[in-house]
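> In order, the protein sequences belong to chains U and B. Number 261 in our numbering belongs to position 259 of the first sequence; there are no gaps in the numbering. Number 277 in our numbering belongs to position 273 of the second sequence; there are no gaps in the numbering.
No lab work stands behind these hints, which were simulated from the structure alone. Note that CB positions come from ideal geometry on N, CA and C, so glycine has one too. Accuracy of the hints is not assured; some may be wrong.
Said to hold, decoys possible - Quick list of simulated restraints, FRET-style, between CB atoms:
#: 1; chain 1: U; residue 1: Phe112; chain 2: B; residue 2: Tyr25; range: 36 to 44 Å
#: 2; chain 1: B; residue 1: Thr68; chain 2: U; residue 2: Leu12; range: 36 to 44 Å
#: 3; chain 1: B; residue 1: Gly194; chain 2: U; residue 2: Val109; range: 32 to 40 Å
#: 4; chain 1: U; residue 1: Arg199; chain 2: B; residue 2: Thr24; range: 48 to 56 Å
#: 5; chain 1: B; residue 1: Asp27; chain 2: U; residue 2: Leu203; range: 52 to 60 Å
#: 6; chain 1: U; residue 1: Ile275; chain 2: B; residue 2: Asp27; range: 48 to 56 Å
#: 7; chain 1: U; residue 1: Asp177; chain 2: B; residue 2: Asp27; range: 48 to 56 Å
Claimed, not checked - Which chain B residues face chain U? A few, computed with CB under 10 Å, are given here:
#: 8; residue: Arg13
#: 9; residue: Gly14
#: 10; residue: Phe93
#: 11; residue: Phe110
#: 12; residue: Arg113
#: 13; residue: Leu178
#: 14; residue: Gln181
#: 15; residue: Ile184
#: 16; residue: Gln324
Said to hold, decoys possible - For the chain B half of the interface with chain U, some residues (derived, Cβ under 8 Å), not all of them:
#: 17; residue: Thr68
#: 18; residue: Lys126
#: 19; residue: Val316
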Amino acid sequence: MGKIRTPYLLLLPGFAFLFTFFILPIINLAQTSTQTKIAGGDTGQYEQTLRFANYVDAFVDNKEQFGRSFLYAIIATVLALAIAYPLAYAIAFKSGKYKNVLLVLVVAPFFTSFLLRTIAWKQILGEEGFLVPTLRTLGIISENTTLTSTSFAVVMGMTYNFLPFMTLPLYASIDRIDPRTLEASGDLYANGYTTFRKVTLPLSMPGVVAGTLLTFIPAAGDYVNAAILGNPNTKMLGNVIESRYFKIVDYPTAAALSFTLMAAILILVTLYIRKAGTEELV
Amino acid sequence: MAKASIEARGDLRLTRLTKTYGDFTAVDDLSLTIPKGSFFALLGPSGCGKTTTLRMIAGLEEPTAGSIHLGETDITTTKPYQRPINTVFQNYALFPHLTIFENIAFGLRRRGQKDVKEAVDKVLNLVELPHLAQRKPTQLSGGQQQRIALARAIVNRPALLLLDEPLGALDLKLRRQMQIELKWIQKEVGLTFVHVTHDQEEAMTMADTIAVMNEGQIEQMGSPAELYDNPETAYVANFLGQSNLIKGTISGNDGDSHIVDLYGQKISLPKNRSHAVDNSTYAGIRPEKFRISLLDTPVKGNVLSGGHIEDVSYIGVSTQYQVEMPWGQELMVFEQNDDGVAPFNKGDAVNISWEPAFTFALRGDEDATAGSEVEPEVLDEE
Numbered sequence: 003m004g005k006i007r008t009p010y011l012l013l014l015p016g017f018a019f020l021f022t023f024f025i026l027p028i029i030n031l032a033q034t035s036t037q038t039k040i041a042g043g044d045t046g047q048y049e050q051t052l053r054f055a056n057y058v059d060a061f062v063d064n065k066e067q068f069g070r071s072f073l074y075a076i077i078a079t080v081l082a083l084a085i086a087y088p089l090a091y092a093i094a095f096k097s098g099k100y101k102n103v104l105l106v107l108v109v110a111p112f113f114t115s116f117l118l119r120t121i122a123w124k125q126i127l128g129e130e131g132f133l134v135p136t137l138r139t140l141g142i143i144s145e146n147t148t149l150t151s152t153s154f155a156v157v158m159g160m161t162y163n164f165l166p167f168m169t170l171p172l173y174a175s176i177d178r179i180d181p182r183t184l185e186a187s188g189d190l191y192a193n194g195y196t197t198f199r200k201v202t203l204p205l206s207m208p209g210v211v212a213g214t215l216l217t218f219i220p221a222a223g224d225y226v227n228a229a230i231l232g233n234p235n236t237k238m239l240g241n242v243i244e245s246r247y248f249k250i251v252d253y254p255t256a257a258a259l260s261f262t263l264m265a266a267i268l269i270l271v272t273l274y275i276r277k278a279g280t281e282e283l284v
Numbered sequence: 005m006a007k008a009s010i011e012a013r014g015d016l017r018l019t020r021l022t023k024t025y026g027d028f029t030a031v032d033d034l035s036l037t038i039p040k041g042s043f044f045a046l047l048g049p050s051g052c053g054k055t056t057t058l059r060m061i062a063g064l065e066e067p068t069a070g071s072i073h074l075g076e077t078d079i080t081t082t083k084p085y086q087r088p089i090n091t092v093f094q095n096y097a098l099f100p101h102l103t104i105f106e107n108i109a110f111g112l113r114r115r116g117q118k119d120v121k122e123a124v125d126k127v128l129n130l131v132e133l134p135h136l137a138q139r140k141p142t143q144l145s146g147g148q149q150q151r152i153a154l155a156r157a158i159v160n161r162p163a164l165l166l167l168d169e170p171l172g173a174l175d176l177k178l179r180r181q182m183q184i185e186l187k188w189i190q191k192e193v194g195l196t197f198v199h200v201t202h203d204q205e206e207a208m209t210m211a212d213t214i215a216v217m218n219e220g221q222i223e224q225m226g227s228p229a230e231l232y233d234n235p236e237t238a239y240v241a242n243f244l245g246q247s248n249l250i251k252g253t254i255s256g257n258d259g260d261s262h263i264v265d266l267y268g269q270k271i272s273l274p275k276n277r278s279h280a281v282d283n284s285t286y287a288g289i290r291p292e293k294f295r296i297s298l299l300d301t302p303v304k305g306n307v308l309s310g311g312h313i314e315d316v317s318y319i320g321v322s323t324q325y326q327v328e329m330p331w332g333q334e335l336m337v338f339e340q341n342d343d344g345v346a347p348f349n350k351g352d353a354v355n356i357s358w359e360p361a362f363t364f365a366l367r368g369d370e371d372a373t374a375g376s377e378v379e380p381e382v383l384d385e386e
């Protein structure tokens, strides 16, 4: 008997925690999402009327931010993948005794606050930074182009902030590849490019899927980068939810938006995993 | 150039091939010709340079000096994927994400060959595993993976097939069976096989020609029988099977034979089996060539007297004796158990005799223990 009970007892703290801090708030949020303002009530006073049209209103009013959230998240994910893949590959296969040092460097940014690092990007992209004058001298951007408060800055900030979440699963996955399978590929008439396409990439797919999910999901719901590095025209859904909650005190719309975002991410991720076919992988 | 190298056929010729890593010389000025269609074994202990040699032939390592020719084509610096050479890797290195069928088809597809299915099916039948085509490598046993690795290489009909300790991970019984199968497949497909191994029995079972390697150089090369019966160095004498090496002096000649003085007892040996450079020598006799007899039994050929049996171990097909000689050396003697009983007991005073033709002679300045205490091979995990 005791043997059967032990696993459940071990699960108990986790369940209790998730129930209190995830399930209950979610139920609460779901209830809030269909409430309406009490007629004649104070700001922030709502009653349950099961008004599901809240969802339609919230979506229609914020279509633009919705689209932007996903667009920015996708661009940032693709950029992070493009930067992280060669990095992870080099750490896994080419770094020799510096492997651990490089891995520490990848996570080193976590030693400073997320907020601080994002604010630092304002400096980097600002007029007084080194980047803008350099790009102007090289003629890559014109004299009156600025980089702060642009969609470019928001995407850059997101790419940077989520890079470690892309790099680590990629590294874990590439590091597991037996280098002898790559030699075997060369031995079987595949050149470097074909070996990458037919062996390295398929074998690292679990890392690609994990990395893109760990980047895309938080990026789609992010609001810090848009708030600090963007302008009113680069607002993402996260910013709308934030302002609905804390500034306008429109809880039902904020809750409806949160659920819609959650559902949209869930659907996209499901489609993506199906397409990437991770169940095929070892 | 790339096209030409992939079409190259003929004998494999290594010329003054050298590979150094910093101060360490892995392969030292090695020259070698491997005739087309032969089953060639590079035999030696761990770290003797045999795997490095193989990797240079495959194109996975670049030689520090020297050249590699296949027929008339210089392939020294050709990329691995442009060489008509395939390898069966030590750990098989099958692609875990592909089915067995796609693993075998990999090389054919890269070369844009038609009738891939037909070729793969044919080679799967050859290795007797056609029912596994749709499995993944991890679902196969070690022996099955080994055959698939072989199939994946030979399906390409390379000019040269390299085998890097291909049977190292298999248990003894399966290894014996695969040795016979490999030899049969080599005859069947008629490709040149170059086989790297530390297992002398494996090399002798399969190869037409064996090159014994030691410290980056070839110690001796020849057929298994030549190497076993007429080793040129103590290293080969000890590494291939076991040898009794007895210190002596060449004291005279008798026609085609040398007369050798072994601690005061005269024996003779054929001149053409002597590799001594001066009068000082080691006379070598394989343990199974010796015959033991009691003192009053008349014997023919070379005789060493004054021994007594120090130890007897009965091992089924034969009985192994340790015989202590008057000069303190213990000689090893294997007697066939063809009469069913072990006739000698510990402590018996005996003579040892043998056919003079079975004797070989090494240089007297050699280390008589060279090659006998080679550390057991650990499958390298680098």
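> Please go over all the hints and tell whether each is borne out by the structure.
Verification of the hints:
Between U/Phe112 and B/Tyr25 the C-beta distance comes to about 39 Å, which sits within the given range of 36 to 44 Å. A hinted range of 36 to 44 Å for the beta carbons of B/Thr68 and U/Leu12 is inconsistent with their spacing of about 58 Å. Checking the proposed 32 to 40 Å range against B/Gly194 and U/Val109 shows it is violated: the Cβ atoms sit about 56 Å from each other. At roughly 35 Å, the beta-carbon separation of U/Arg199 and B/Thr24 lies outside the given 48 to 56 Å, and the hint is violated.
One distance hint, 52 to 60 Å for the beta-carbon pair B/Asp27 and U/Leu203, is violated here, with the actual separation near 39 Å. At roughly 52 Å, the beta-carbon separation of U/Ile275 and B/Asp27 lies within the given 48 to 56 Å, and the hint holds. Restraint check, U/Asp177 to B/Asp27: a C-beta distance of roughly 30 Å breaks the suggested window 48 to 56 Å. At about 16 Å, the closest approach between the beta carbon of B/Arg13 and any beta carbon in chain U exceeds 10 Å, and the interface hint on this residue is violated.
Annotation: interface hint on B/Gly14 violated; nearest CB of chain U at approximately 20 Å, more than 10 Å. With 10 Å as the threshold, the beta carbon of B/Phe93 comes within range of chain U, its nearest partner Cβ sitting at about 6 Å, so the hint holds. The closest approach between the C-beta of B/Phe110 and any C-beta of chain U is roughly 5 Å, which is under the 10 Å cut-off, so the hint is satisfied. This hint holds: B/Arg113 has a C-beta 9 Å from the nearest C-beta of chain U, less than the 10 Å allowed.
Hint status for B/Leu178 relative to chain U: violated, with the closest Cβ pair at about 21 Å, above 10 Å. Nearest Cβ of chain U to the Cβ of B/Gln181: about 24 Å, over the 10 Å cut. The hint is violated. Annotation: B/Ile184 was flagged as interfacial toward chain U, and the flag is violated, the nearest CB pair being 25 Å apart, outside 10 Å. Against a cut-off of 10 Å between C-beta atoms, the interface hint on B/Gln324 is violated, since the closest Cβ of chain U lies about 41 Å away.
Proximity of B/Thr68 to chain U is violated relative to the hint, the smallest CB-CB distance being about 20 Å (cut-off 8 Å). Look at B/Lys126: its Cβ only gets to about 17 Å from chain U, farther than 8 Å, so that hint breaks. A hinted interface residue such as B/Val316 counts as satisfied when its beta carbon comes closer than 8 Å to some beta carbon of chain U; here the least separation is about 48 Å, so the hint is violated.
Hints 2, 3, 4, 5, 7, 8, 9, 13, 14, 15, 16, 17, 18, 19 from the list above are not met by this structure, while the remaining hints are.
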